[in-house]
Amino acid sequence: MVGIFFLPFILSGFGPRFKQEENLVFGKAHPPQPRVSAVPPRPLPSPLSLSTFFPSPTSSRFNWSHLTPLELKNRSVGLGTESTGQGNPHFTLEGHKFLIFGGSIHYFRVPREYWRDRLLKLKACGFNTVTTYVPWNLHEPERGRFDFSGNLDLEAFVLMASEIGLWVILRPGPYICSEIDLGGLPSWLLQDPRLLLRTTNKGFIEAVEKYFDHLIPRVIPLQYRQGGPVIAVQVENEYGSFNKDKKYMPYLHKALLRRGIVELLLTSDSEKNVLSGHTKGVLATINLQKLHRNTFSQLHKVQRDKPLLIMEYWVGWFDRWGDKHHVTDAKEIEHTVSEFIKYEISFNVYMFHGGTNFGFLNGATNYGKHAGVVTSYDYDAVLTEAGDYTEKYFKLQKLFGSFSAIPLPQVPKLTPKAAYPPVRPSLFLPLWDALAYLNEPVRSHQPVNMENLPINNGSGQSYGLVLYEKSICSGGRLCAHARDMAQVFLDETMIGILNENNQNLHIPELRNWNYGFVFINGRNLGRYWNIGPQKTLYLPGAWLHPEDNEVILFEKMVSGSDIESTDKPML
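Numbering of the sequence shown is given in numbering that gives the first Met the number 0, commencing with residue 0 and proceeding in unit increments.
Everything labelled a hint here was simulated from the structure, so no lab data went into it.
For clarity, every value in this text was computed on a predicted model and none was experimentally measured.
Distance ranges between label pairs, derived from CB positions:
(1) Ile530 / Pro440: 39 to 45 Å
(2) Asn503 / Asp566: 32 to 38 Å
(3) Thr492 / Lys567: 28 to 34 Å
(4) Ser296 / Pro440: 56 to 62 Å
(5) Arg258 / Lys412: 38 to 44 Å
(6) Ala418 / Pro192: 48 to 54 Å
We put the CB at the ideal spot given by N, CA and C, even for glycine.
Use the sequences and the hints to build the structure in full.
Next up, the structure:
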């Protein structure tokens, strides 16, 4: 019996890609320059040269105390843009000039019990807006079964942000990237080989329509003009790097409008892909890691009379298994954010608090090599994975305080930490013993990928582990393309591993019997011995019973596996 134990993997075309400023792509990539830890960035241009391509600088202090969800009761126009021809284009909120100081926190990556703590720390640092993705794959794990409860209670998270005094920008996808499995798309979409993800393909659009029919009605009452904190909604995510269907983004734009989204709509793309990702009637924003002379050159080709918004300013980076931990310099972050504020550029810090890829949430990248994202989504963010303050936090808080006309809120106390004595597991359950407690196995003439297993109400298996078993009668070579890794067992003993670098494994021969005697129904057939030349024993048919027969082997050396029969002698 040969068993192959597959660990979860991400299809190369659907793993989250590097959000590298120099080269953003989806799926098969044109490899970017590798980004390594703690490499000093290129120096920013001086403020004098910045003025040649940035808006005019400002030295004013900001007072938005009257522009918070709790204070702003009379609402009519929401977040808008204004360009008078004099001064810089700017955002307005209820007609008042407004800058977005945003920070990303993903509710699905943070235990619900800590939501308030993280949001309070965002507010106390000086931010006025929280942004979050909405993961379709978690909210619709099975086709037609939706989950907005517990840690997935989107409405509770948004209302909590409002209560604390933060505005909200929602990023509902349907594709979100976010370094999560399949970029947030449900795995059951992969069951139809004709379905084309992120296009106006009929099968994909039908699934999106049903998802939006459940999601958007929850968002409607959370909008600014309904008294809620949602001031903007993002359409898809970085589609310019994918750009497979010119009709797709306009379709999503209309799908949101048709369901009642009335707040500002925006797109988010790398600075080099903003042209291909732009949609008419939607504000274009860009994502970047650092400023340089041509940062906004492509954006200006799309829109020159709109305020600037950096939808993702990457203050850190995610880690992949086998790589080094990424860190960025706090002084560099402080300097860049100060430039944003000086030139009245709205921005969103990605991530303010990264959190954790609990369970099998993490995705993978494929830049010439498949590499899974690690469990921690610490991201070297402004808050640590556990919600602790960092040097970045205190530098940004001091910076925001210097531009604020009113004192910032007091920072919350740290969450207590503890270290416990080491423990040693006292019990364990071998894989093979655990099989008796699982459901009946799926039987098939050929291997079936986990997404197409006939389980979970026809939705297959999204992630986790699958055990494939096959009876074999000889050795040979096993070939499989496994990502991340497949463990191969022969008679419950692991004999090797298959992965991206090793797609072939030699299967040794069915262990044979060595030296002993065979008894059939109490009759001794005689001796066998693996030194030969005789390889078979003669069994008289008259000694067999019509039904059950008893076979006893007296093996003197090492046990073999199966007892085989043949109708021809091997002497």
